[in-house]
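Trainee: Protein chains in written order, with this note's numbering: chain R, 478 to 974; chain V, 1088 to 1127.
Hints are supplied without guarantee of correctness; some may be wrong.
[Said to hold, decoys possible] No more than 30 Å apart at the CA atoms, straight line, and that leaves these computed lysine-lysine pairs for DSBU-like:
id	chain 1	residue 1	chain 2	residue 2
1	R	LYS544	R	LYS484
2	R	LYS484	V	LYS1093
3	V	LYS1093	R	LYS754
4	V	LYS1093	R	LYS750
5	R	LYS484	R	LYS750
6	R	LYS656	R	LYS754
7	V	LYS1100	R	LYS484
8	V	LYS1100	R	LYS754
9	R	LYS750	R	LYS817
10	R	LYS870	R	LYS750
11	R	LYS817	R	LYS656
12	R	LYS943	R	LYS754
13	R	LYS544	R	LYS481
14	R	LYS656	R	LYS544
15	V	LYS1100	R	LYS750
[What the hints assert, rightly or not] Which stretches of chain V does chain R cover? Using the computed rule of at least three CB atoms under 8 Å from a CB of chain R, they are:
id	segment
16	1091-1103
17	1107-1116
[Stated by the list, open to error] Derived Cβ-Cβ restraints for the label pairs, each shown as a range:
id	chain 1	residue 1	chain 2	residue 2	range
18	V	TRP1125	R	HIS720	19 to 29 Å
19	R	GLY910	V	LYS1093	31 to 41 Å
20	R	TYR909	V	VAL1095	50 to 60 Å
21	V	VAL1114	R	VAL901	38 to 48 Å
22	V	TRP1125	R	ASP812	35 to 45 Å
23	V	VAL1114	R	LEU480	54 to 64 Å
24	R	PRO653	V	LEU1099	20 to 30 Å
25	R	SER675	V	TRP1125	35 to 45 Å
26	V	VAL1114	R	ARG747	20 to 30 Å
27	R	LEU900	V	LEU1122	27 to 37 Å
28	R	LEU487	V	VAL1114	55 to 65 Å
29	V	LEU1122	R	VAL857	28 to 38 Å
30	R	THR510	V	LEU1122	30 to 40 Å
The hints are simulated quantities; they were obtained by calculation from the structure and are not laboratory data. If you're wondering where the values come from, they're calculated on a predicted model, not measured in any experiment. Ideal Cβ positions, reconstructed from N, Cα and C, are used throughout, including at glycine.
One letter stands for each residue in the lines below.
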Amino acid sequence: MLLKPNKADLRRIVYALGRVVFVVGAAGLLPLTWALARQEWQSATSFVLMIGIALLAGAISTLIAPKDRTLAWSHGMAVVALAWIVVPALGALPLYFSGHYGSPLDAFFDAMSGVSTTGLSVIQDLDHLSDSVNVWRHALQFLGGQGIVLAALTFFAASGILSLYFAEGRDDRIFPSVKSTARFIWLVSGVHALAGISVYMFEGVATLGYGWYRSLFHGVNIFMAAFDTGGFTPQSTSLAYYHSITYEATTAVLMIAGAVSFSLHYMWWRREKGSLKNLEVRTILTTFVITLVAGTIGLAAQGLYTDTASLTRRGFFQILSAHTGTGFATVSNSDLASWKGLAFVGMGMAMALGGMASSTSGGVKSLRVGLTVRAIIDSVRGALLPENAIVSKTYIQNGRHRLTAQLAQSVMTISLLYVGLYLVGTAVGVAYGYPIQDAMFESVSASAAVGLSVGITSPAMPVLMKVLMIGQMWLGRLEFIAAFSLVGFVASWVVGE
Amino acid sequence: MAFSRKDVDGALKGIAIEVLVLVGLVVVAVIVSALALWLL
Chain R
478 MLLKPNKADL RRIVYALGRV VFVVGAAGLL PLTWALARQE WQSATSFVLM IGIALLAGAI
538 STLIAPKDRT LAWSHGMAVV ALAWIVVPAL GALPLYFSGH YGSPLDAFFD AMSGVSTTGL
598 SVIQDLDHLS DSVNVWRHAL QFLGGQGIVL AALTFFAASG ILSLYFAEGR DDRIFPSVKS
658 TARFIWLVSG VHALAGISVY MFEGVATLGY GWYRSLFHGV NIFMAAFDTG GFTPQSTSLA
718 YYHSITYEAT TAVLMIAGAV SFSLHYMWWR REKGSLKNLE VRTILTTFVI TLVAGTIGLA
778 AQGLYTDTAS LTRRGFFQIL SAHTGTGFAT VSNSDLASWK GLAFVGMGMA MALGGMASST
838 SGGVKSLRVG LTVRAIIDSV RGALLPENAI VSKTYIQNGR HRLTAQLAQS VMTISLLYVG
898 LYLVGTAVGV AYGYPIQDAM FESVSASAAV GLSVGITSPA MPVLMKVLMI GQMWLGRLEF
958 IAAFSLVGFV ASWVVGE
Chain V
1088 MAFSRKDVDG ALKGIAIEVL VLVGLVVVAV IVSALALWLL
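Take these sequences, add in the hints, and give me the full structure.
Mentor: Encoded structure:
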């Protein structure tokens, strides 16, 4: 029997949701300032509208705040799942009013793509979008990569915030307190922002011949999209626009930083030894080399790039972009669509596997891949050894842990759900008449929050596919559990007693 | 959380490791590319 939530439950959820919306509205001050400085009055008006709605939501949530604001596990899951729908809906307002989207659904698609750090886009005429709205698109990626709710946690202490933290797909706490962990995440991001934007600005002025403003604009946007493994760019030709190896190298460092878990950042910052022994580090290095070798051999066999320099530059950057879940490209969509055979296998695997757990990237995640392989090896060893032999089922990940049957089952369930999500998207794409390889590429790209495209994602895409991809981005970013919990919560509200 | 000298040193070391990881991966990529073009 399902227990029907009472009014106090709903008020707790609405209160927490209102706080999150309020913080996102406050983040709108960045593009509003940008719009005022650039005298983009129409964009400024749309940001004022968005901020006004956020303030109103914050005020209403305060008015109806319950006395006991403690969030139970189910409340936390529902708050996170709802926040990841409400925030892109709010964030889509300035996008829609920019006039660059064919419908509100298209604007919501891009906003969801932004907060889920995917990077797929159905915008029209991106190259003439106002600077402030462009900054907002990238800021959505930054907010999403940091964790929308985590961002709010930093400013609002609340009982039961642990459930919110885990619901956003973060598996480990670096410090005993979630708030301290959130602050460390902001510290790492802030330091990378300072370093990354400075380097981009120097490159813009010194090597690309840009003025100070243009260097700042591109630096800020590309930093937010790179470190949070988002993949949006201010122009339609992605990173190929810059034709700069130093810009690509800086972006590659930031993509690696974004795909690294914050606990590994902590180990590096605190000079703790043993990070190379971690199962996740070994797994991601192994899978990266495997996908790189497969992709490179495939490209060489196709004869698309005939010298070592161009093969390395194109192959390496695309594979790194795919594996970190970023989605920047230095080749065109049509070029990417021509990557067949092993090159396609390498790219597809890299996108599907994704970066590290508790990082800003998506996909199955390296820790799950490593644990799945470890569980299979342990099972095979158990089958081959005598019945009374004891098989040590442990793994090293910030210390030695037991690989229990329950953990293995949980890891494999989530991994299977990702595979299922990839296949559903592929099937729908094929049903609409797209070649199976292209349909699979786009489906994996959306579900694993990558953002690379072979050309299917466009304003002309069927509405059902847009809706499906929005669902894939939402489910993939939340890693299923929070989304399923929301469904359970709604079901208990409807049919519970 | 105060931002101390130790934090600055740690941050610089962290970024240095990220750059080293990139250099290592690029070296692997160059070797793989050269071998692939030579063999195929």
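Trainee: Are the hints correct? Go through all of them and say.
Mentor: Against the structure, the hints come out as follows:
no.	hint	in the structure
1	R:LYS544 / R:LYS484	holds, 12 Å
2	R:LYS484 / V:LYS1093	violated, 49 Å
3	V:LYS1093 / R:LYS754	holds, 25 Å
4	V:LYS1093 / R:LYS750	holds, 17 Å
5	R:LYS484 / R:LYS750	violated, 50 Å
6	R:LYS656 / R:LYS754	holds, 28 Å
7	V:LYS1100 / R:LYS484	violated, 51 Å
8	V:LYS1100 / R:LYS754	holds, 19 Å
9	R:LYS750 / R:LYS817	violated, 41 Å
10	R:LYS870 / R:LYS750	holds, 23 Å
11	R:LYS817 / R:LYS656	violated, 46 Å
12	R:LYS943 / R:LYS754	violated, 42 Å
13	R:LYS544 / R:LYS481	holds, 20 Å
14	R:LYS656 / R:LYS544	holds, 22 Å
15	V:LYS1100 / R:LYS750	holds, 13 Å
16	1091-1103	holds (count 6)
17	1107-1116	holds (count 6)
18	V:TRP1125 / R:HIS720: 19 to 29 Å	holds, 28 Å
19	R:GLY910 / V:LYS1093: 31 to 41 Å	violated, 59 Å
20	R:TYR909 / V:VAL1095: 50 to 60 Å	holds, 53 Å
21	V:VAL1114 / R:VAL901: 38 to 48 Å	holds, 39 Å
22	V:TRP1125 / R:ASP812: 35 to 45 Å	violated, 24 Å
23	V:VAL1114 / R:LEU480: 54 to 64 Å	holds, 58 Å
24	R:PRO653 / V:LEU1099: 20 to 30 Å	holds, 26 Å
25	R:SER675 / V:TRP1125: 35 to 45 Å	holds, 40 Å
26	V:VAL1114 / R:ARG747: 20 to 30 Å	holds, 27 Å
27	R:LEU900 / V:LEU1122: 27 to 37 Å	holds, 34 Å
28	R:LEU487 / V:VAL1114: 55 to 65 Å	holds, 57 Å
29	V:LEU1122 / R:VAL857: 28 to 38 Å	holds, 32 Å
30	R:THR510 / V:LEU1122: 30 to 40 Å	violated, 51 Å
Hints 2, 5, 7, 9, 11, 12, 19, 22, 30 from the earlier list are contradicted by this structure; the remaining hints agree with it.
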